Amino acid sequence: MSKDSLSGGPLAWLAANVGRILISVFVPVITFLVLWQGFIFLRDSNAPQLVIVLVAILWGVGGVAALYAVANWLVEQLPAQWSMRLQPFVFVGPALAILFWFLALPTLRTLDLSFRDATGQRYIGIGNYIFALTDRVMLEAFRNNLLWMVFGTLFCVGLGLLIAVLADRSRFESVYKAIIFMPMAISFVGAGVIWKFVYTYKGEGAGISEIGLLNAIVLALGGQSQPWLQLPPWNNFFLIIIMVWLQTGFAMVVISSAIKGISSEVLEAARVDGANEFQVFWHIIIPSIRGTLLTVTTTIIIFSLKLFDIVRVMTGGNNGTNVIANEFYLQRFTYSNAGRASAIAIILLLAVIPVMIYNLRQFRERRAF
Amino acid sequence: MTSLSVFSPRSGESMVILDQVRKGIFYALLIFWAILSIAPLYFTLVFSLKPVANAYTPPIWWPFPFTLENYQTILQTFELFPRWVMNSVVISITVTIFRVLFCAMAGYAFARIEFPLKNFLFNLLLVSMMMPGVVTLIPSFLIIGPGLIRGGISLGNLTLPTGFNLLDSMWGVIVPGMADAFGVFMMTQFYKSFPKELEEAAMMDGSGRWGTFFRIVLPISQTQLLTLGLLTFQGAWNSFMWPLLVLRTPENFTLPIGLQWFRGEYYTLYSVVLAGSLFNTLPMLIIFFAFQKYFIRSIASTGSKEG
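The listed protein sequences derive, respectively, from chains A and B. Here our numbering is used: the first residue of the first sequence is 1, the next is one more, and so on. Here our numbering is used: the first residue of the second sequence is 1, the next is one more, and so on.
Keep in mind that a hint or two might mislead.
As the list claims (entries may be wrong) - Here are the simulated EDC-like pairs of lysine to aspartate or glutamate, each with C-alpha atoms no more than 16 Å apart in a straight line:
| id | chain 1 | residue 1 | chain 2 | residue 2 |
| --- | --- | --- | --- | --- |
| 1 | B | Lys196 | B | Glu114 |
| 2 | B | Lys23 | A | Glu173 |
| 3 | B | Lys293 | A | Glu173 |
| 4 | B | Lys23 | A | Asp168 |
| 5 | B | Lys192 | B | Glu114 |
| 6 | B | Lys23 | A | Glu277 |
| 7 | A | Lys260 | A | Asp168 |
| 8 | A | Lys260 | A | Glu173 |
Claimed, not checked - Chain B is faced by these chain A residues, among others (derived, beta-carbon under 8 Å):
| id | residue |
| --- | --- |
| 9 | Ala185 |
| 10 | Ile194 |
| 11 | Leu213 |
| 12 | Leu221 |
| 13 | Ser288 |
| 14 | Leu348 |
| 15 | Asn359 |
None of these hints come from the bench; they were simulated from the model. Nothing here was measured: the structure is a model prediction, and the numbers come from that model. Every residue gets a Cβ at the ideal spot worked out from N, C-alpha and C, and that includes glycine.
Generate the whole structure from the sequences, applying the supplied hints.
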């Protein structure tokens with residue numbers, strides 16, 4: 001059917017489709033303008049907040065639905081061949097547009113900014129990168145990120161694996177899993193408040209008693225209360241515990257579902273042949289879930305490289321707990337140095353890229369797409 | 001697999017005892033970590049139920065004497081608190097609706113329709129999923145705020161703005177959250193494993209892609225949409241850094257930002273601070289326990305998560 005519209009040569013085709021083309025240009029423009037006006041009106045209006053909010057949601061959802069209906073109708077008005085070609089973009093368009101606008105474009109802009117001075121006016125060459133790779137503050141941040149990456153990942157994956165294996169054999173498996181998975185639902189700010197309460201230190205003095213949970217436990221056991229978050233380098237480990245607390249549940253759930261995928265005949269055969277539980281674990285379970293273990297590990301490595309919220313909320317990077325992402329935040333928002341901040345961000349991106357490439361390969365091997 | 005010794009061929013008195021010991025250690029470990037997962041939360045709750053007069057005494061085991069004084073203090077003396085809750089609810093729900101729709105559409109297209117550059121775009125999507133947030137933070141901020149190019153692009157006497165000028169507005173938080181790579185990835189994986197026959201039948205009957213998508217595909221994928229919706233809601237409800245940058249006046253704060261601010265004000269009164277934080281944490285925990293299997297399923301099926 002699409003061939004008919006093209007049979008008379010390009011000119012005839014154009015003549016036949018001029019109306020359609022005009023409509024397909026004007027209708028979206030008009031729809032967009034109407035929506036934009038509504039938006040401006042909403043932004044500047046003085047109506048009560050609740051009314052604005054309700055209208056805004058209606059406008060937003062309705063507006064998007066209208067845009068869609070219009071876009072799809074248009075695509076269907078076009079000659080069938082074009083319609084076939086364009087339709088996929090109606091589907092992927094919005095998601096990709098937002099991702100492009102807020103991910104691809106910003107990355108390029110950050111790269112550009114990283115070669116400029118503090119205010120982003122002039123190019124100053126690689127000065128920002130020299131700072132980011134040699135400054136004492138940055139070196140400390142690199143060391144700490146390395147600690148997070150090695151110990152954080154090790155504990156999360158190790159504990160996740162151990163608990164997944166144990167829970168698999170226990171009664172009340174789902175109860176353990178639910179409880180251990182629960183911290184994942186809590187926000188970093190919520191976790192920050194809770195863990196500040198755990199680590200609080202009041203010091204010594206008449207009439208002062210420790211209200212921190214950990215210090216209360218230490219005192220009850222006859223020890224000395226400690227300012228846990230001000231003891232470099234150990235304070236890094238106290239912060240890492242928070243990440244382990246939040247993330248072990250994630251590792252456990254993923255690993256546990258992989259373990260359930262191992263065929264029970266293989267396991268039983270091994271046991272009948274006289275393998276003990278440790279042999280089964282090392283020679284059957286681990287090799288069978290290797291892919292999953294690697295995926296979980298790389299996900300948590302990326303997470304620990306990007307880590308920001310825990311440090312920001314708990315110590316602000318003081319007392320030797322700074323990390324790369326927090327130093328970025330300080331450079332940008334405390335010292336207002338866009339150039340240095342951008343260089344730090346690009347270095348963080350470079351650090352993540354090898355892990356990222358590895359992950360992409362994994363996805364491909366698992367035929368994820 | 002309730003017993004470990006069932007398949008062990010070397011059975012005897014000593015083996016049975018050894019198995020008992022081993023089992024004991026296993027359970028001890030499990031129970032230990034379960035307690036560790038729940039203890040900080042439990043003591044936070046108990047501490048927040050303490051009378052203000054006891055705010056400077058050590059943590060206690062049971063909420064006794066019991067009082068809701070701290071919660072009342074927050075709601076009565078801090079008139080902005082209900083407003084923050086409201087802002088958080090509105091923003092989270094709006095983000096969730098848009099993101100579920102957009103991600104489902106994009107995921108469906110990636111899984112079903114052939115189009116040019118598809119693999120390239122999908123790779124790009126996976127890359128952006130793992131990208132550290134700080135890399136894009138400053139420019140995203142400029143795009144939402146004053147614009148990448150200050151003053152806009154001039155075309156004759158027409159000036160095109162390069163930014164949305166949405167600082168300090170809830171739309172500044174909502175717009176960038178309307179789509180996300182993880183969601184598209186999750187929905188793509190889902191639609192790939194989804195039988196084609198129903199759609200094909202609908203297409204035969206003459207409803208176009210669009211109609212098929214809304215009438216057949218979306219209703220059938222309800223469960224998956226609910227899962228994505230829950231994850232999105234959780235992310236939006238807990239989100240911290242972006243709202244911290246975009247929102248300026250206390251009236252517009254979301255709950256986590258408000259809490260951080262509130263913590264500065266009431267820093268010394270720990271029982272009040274902890275009660276405040278529970279306003280943020282408890283609703284999420286309730287949703288989490290109610291829909292637990294969806295959370296677990298989504299994470300187990302993609303082997304990945306947001307953030």
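Hint check results:
no. : hint                   : result
1   : B:Lys196 with B:Glu114 : 14 Å, holds
2   : B:Lys23 with A:Glu173  : 14 Å, holds
3   : B:Lys293 with A:Glu173 : 13 Å, holds
4   : B:Lys23 with A:Asp168  : 13 Å, holds
5   : B:Lys192 with B:Glu114 : 13 Å, holds
6   : B:Lys23 with A:Glu277  : 11 Å, holds
7   : A:Lys260 with A:Asp168 : 8 Å, holds
8   : A:Lys260 with A:Glu173 : 12 Å, holds
9   : Ala185                 : 4 Å, holds
10  : Ile194                 : 5 Å, holds
11  : Leu213                 : 5 Å, holds
12  : Leu221                 : 13 Å, violated
13  : Ser288                 : 15 Å, violated
14  : Leu348                 : 5 Å, holds
15  : Asn359                 : 6 Å, holds
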